[in-house]
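Protein chains: 2
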Amino acid sequence: MAESEKELNFEVVYETVGRSVGKMRNEISISWLGANEGPWEMATDEGKFHGGENTAPPPIAYWAAGFTGCIMTQIRAFSKRMRIPIDDVTVKARFAWEGRQIGREPYVTSPKLFGFDIEIDSEAPAEDLTRLVEAAKKGCFIDQTMAVANDVGHRLKVGDDWIDV
Amino acid sequence: MAESEKELNFEVVYETVGRSVGKMRNEISISWLGANEGPWEMATDEGKFHGGENTAPPPIAYWAAGFTGCIMTQIRAFSKRMRIPIDDVTVKARFAWEGRQIGREPYVTSPKLFGFDIEIDSEAPAEDLTRLVEAAKKGCFIDQTMAVANDVGHRLKVGDDWIDV
Chain A
1 MAESEKELNF EVVYETVGRS VGKMRNEISI SWLGANEGPW EMATDEGKFH
51 GGENTAPPPI AYWAAGFTGC IMTQIRAFSK RMRIPIDDVT VKARFAWEGR
101 QIGREPYVTS PKLFGFDIEI DSEAPAEDLT RLVEAAKKGC FIDQTMAVAN
151 DVGHRLKVGD DWIDV
Chain B
1001 MAESEKELNF EVVYETVGRS VGKMRNEISI SWLGANEGPW EMATDEGKFH
1051 GGENTAPPPI AYWAAGFTGC IMTQIRAFSK RMRIPIDDVT VKARFAWEGR
1101 QIGREPYVTS PKLFGFDIEI DSEAPAEDLT RLVEAAKKGC FIDQTMAVAN
1151 DVGHRLKVGD DWIDV
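In order, the protein sequences belong to chains A and B. Just so you know, we're using the working numbering here: the first sequence kicks off at 1 and counts up by one. Just so you know, we're using the working numbering here: the second sequence kicks off at 1001 and counts up by one.
Don't take every hint at face value.
As the list claims (entries may be wrong) - With beta-carbon atoms standing in for the labels, derived distance ranges:
no., chain 1, residue 1, chain 2, residue 2, range
1, A, Ala-126, B, Glu-1005, 49 to 55 Å
2, B, Glu-1005, A, Gly-34, 46 to 52 Å
3, A, Glu-11, B, Ala-1149, 20 to 26 Å
4, B, Ala-1035, A, Gly-103, 21 to 27 Å
5, A, Ala-149, B, Gly-1103, 17 to 23 Å
6, B, Glu-1134, A, Asp-121, 18 to 24 Å
7, B, Thr-1090, A, Leu-113, 43 to 49 Å
8, A, Asp-87, B, Ile-1102, 26 to 32 Å
9, A, Ala-124, B, Glu-1005, 55 to 61 Å
10, B, Glu-1134, A, Gly-159, 17 to 23 Å
11, B, Lys-1138, A, Lys-80, 26 to 32 Å
Unchecked claim - No more than 35 Å apart at the CA atoms, straight line, and that leaves these computed lysine-lysine pairs for DSBU-like:
no., chain 1, residue 1, chain 2, residue 2
12, A, Lys-23, A, Lys-80
13, A, Lys-6, A, Lys-137
14, B, Lys-1080, A, Lys-137
15, B, Lys-1137, A, Lys-80
16, B, Lys-1092, A, Lys-138
17, B, Lys-1157, A, Lys-48
18, B, Lys-1006, A, Lys-112
19, A, Lys-80, B, Lys-1138
20, B, Lys-1157, A, Lys-138
21, A, Lys-157, B, Lys-1080
22, A, Lys-23, B, Lys-1023
23, B, Lys-1023, B, Lys-1092
24, B, Lys-1138, A, Lys-23
25, B, Lys-1006, A, Lys-137
26, A, Lys-92, B, Lys-1048
27, A, Lys-80, A, Lys-48
28, A, Lys-23, B, Lys-1137
29, B, Lys-1157, A, Lys-23
30, B, Lys-1092, A, Lys-157
Hint data in this document are derived by calculation from the structure and do not stem from the laboratory. We put the beta carbon where it would ideally sit given N, CA and C, even for glycine.
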């Protein structure tokens, strides 16, 4: 196998620790394990209408920023690798969900629509830029996660035991 | 239909606008449309090892904070609705992905494992807390999004047109 065809497999693992404070505020430490990066500290809250104190952006704002940044970062990282020179990248994205609530019961949500409009300032031909965005989709951790159904575990501590919920 | 059984449907729509600056830094405005909340400003960057300048946390850190905050917020919001009194909530979460790279080609990623360990300080019986976490999973926008395969749109501007990638 030629040097240029060597296969490399790697893992990316993040850990978060969140603590509730105030009415609806959460203080969260985020670490990138293995890479020895972080911890970064971020806080979420809700507006007063939703019972919070508006001390920080709501959780979905962070999630949306992360998803947007992911695809943008991958476009720039891969433009070097693929030798497709680009200048500025501008992305406008929309994320929509639906909720359904009966009486005062807890509501149930479902995803509705997610989309990115991507503008790349570049003199490269359109087919190269298309290849670049295709590669960025496959390299973006969040995009790839969205594309499949994921089994997210939820364990609740009961006494000294952890039970799956 | 009794007042208490009335069905309410609602939408939650977020919009982001991201601009690339510096080497790998992105500056992102996030708005919650309809709710008239935001815009919030967040920046992402990469560490020097990944070609960035380490001026801000990486995209996945925001995404992980948002996901963690979402489930925590829903637990507290629904504890009031379900009349299950709770005090502090602590969540520890892990998010793992794999990447595969051949030679210098752009790598391809895939999700591997996502899990939350949830501790709730409460005198409520375990079955009530279990019901609460179950409801929080169904009410958490991000949890519900993870559970299904989503078709995320990517449009690239070419000249005056938008093409689907």
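Here is how each hint holds up against the structure:
1. Ala-126/A - Glu-1005/B: 49 to 55 Å: holds (54 Å)
2. Glu-1005/B - Gly-34/A: 46 to 52 Å: Cβ of Glu-1005/B to Cβ of Gly-34/A: about 50 Å, so the range 46 to 52 Å holds.
3. Glu-11/A - Ala-1149/B: 20 to 26 Å: holds (22 Å)
4. Ala-1035/B - Gly-103/A: 21 to 27 Å: At roughly 22 Å between Cβ atoms, Gly-103/A and Ala-1035/B fall inside 21 to 27 Å, so the hint holds.
5. Ala-149/A - Gly-1103/B: 17 to 23 Å: violated (31 Å)
6. Glu-1134/B - Asp-121/A: 18 to 24 Å: The hinted range 18 to 24 Å is violated for Glu-1134/B and Asp-121/A, with Cβ atoms some 48 Å apart.
7. Thr-1090/B - Leu-113/A: 43 to 49 Å: At 33 Å between Cβs, range violated.
8. Asp-87/A - Ile-1102/B: 26 to 32 Å: Since Asp-87/A and Ile-1102/B have Cβ atoms about 28 Å apart, the given range 26 to 32 Å holds.
9. Ala-124/A - Glu-1005/B: 55 to 61 Å: holds (58 Å)
10. Glu-1134/B - Gly-159/A: 17 to 23 Å: holds (19 Å)
11. Lys-1138/B - Lys-80/A: 26 to 32 Å: Between Lys-1138/B and Lys-80/A, where Cβ atoms are some 42 Å apart, the hint is violated.
12. Lys-23/A - Lys-80/A: violated (46 Å)
13. Lys-6/A - Lys-137/A: holds (22 Å)
14. Lys-1080/B - Lys-137/A: violated (40 Å)
15. Lys-1137/B - Lys-80/A: violated (40 Å)
16. Lys-1092/B - Lys-138/A: This hinted pair holds, its Cα atoms lying about 28 Å apart.
17. Lys-1157/B - Lys-48/A: With Cα atoms ~39 Å apart, Lys-1157/B and Lys-48/A exceed 35 Å; violated.
18. Lys-1006/B - Lys-112/A: holds (22 Å)
19. Lys-80/A - Lys-1138/B: violated (41 Å)
20. Lys-1157/B - Lys-138/A: holds (19 Å)
21. Lys-157/A - Lys-1080/B: holds (20 Å)
22. Lys-23/A - Lys-1023/B: Not satisfied, since the Cα-Cα distance of roughly 39 Å exceeds 35 Å.
23. Lys-1023/B - Lys-1092/B: At roughly 32 Å apart (the allowed maximum being 35 Å), Lys-1092/B and Lys-1023/B satisfy the hint.
24. Lys-1138/B - Lys-23/A: holds (21 Å)
25. Lys-1006/B - Lys-137/A: Violated, because 41 Å separates the two Cα atoms, which is more than 35 Å.
26. Lys-92/A - Lys-1048/B: This hinted pair holds, its Cα atoms lying about 26 Å apart.
27. Lys-80/A - Lys-48/A: At roughly 45 Å apart (the allowed maximum being 35 Å), Lys-48/A and Lys-80/A break the hint.
28. Lys-23/A - Lys-1137/B: holds (20 Å)
29. Lys-1157/B - Lys-23/A: violated (44 Å)
30. Lys-1092/B - Lys-157/A: With a Cα-Cα distance of about 11 Å, the restraint between Lys-1092/B and Lys-157/A holds, given a limit of 35 Å.
Hints 5, 6, 7, 11, 12, 14, 15, 17, 19, 22, 25, 27, 29 from the list above are not met by this structure, while the remaining hints are.
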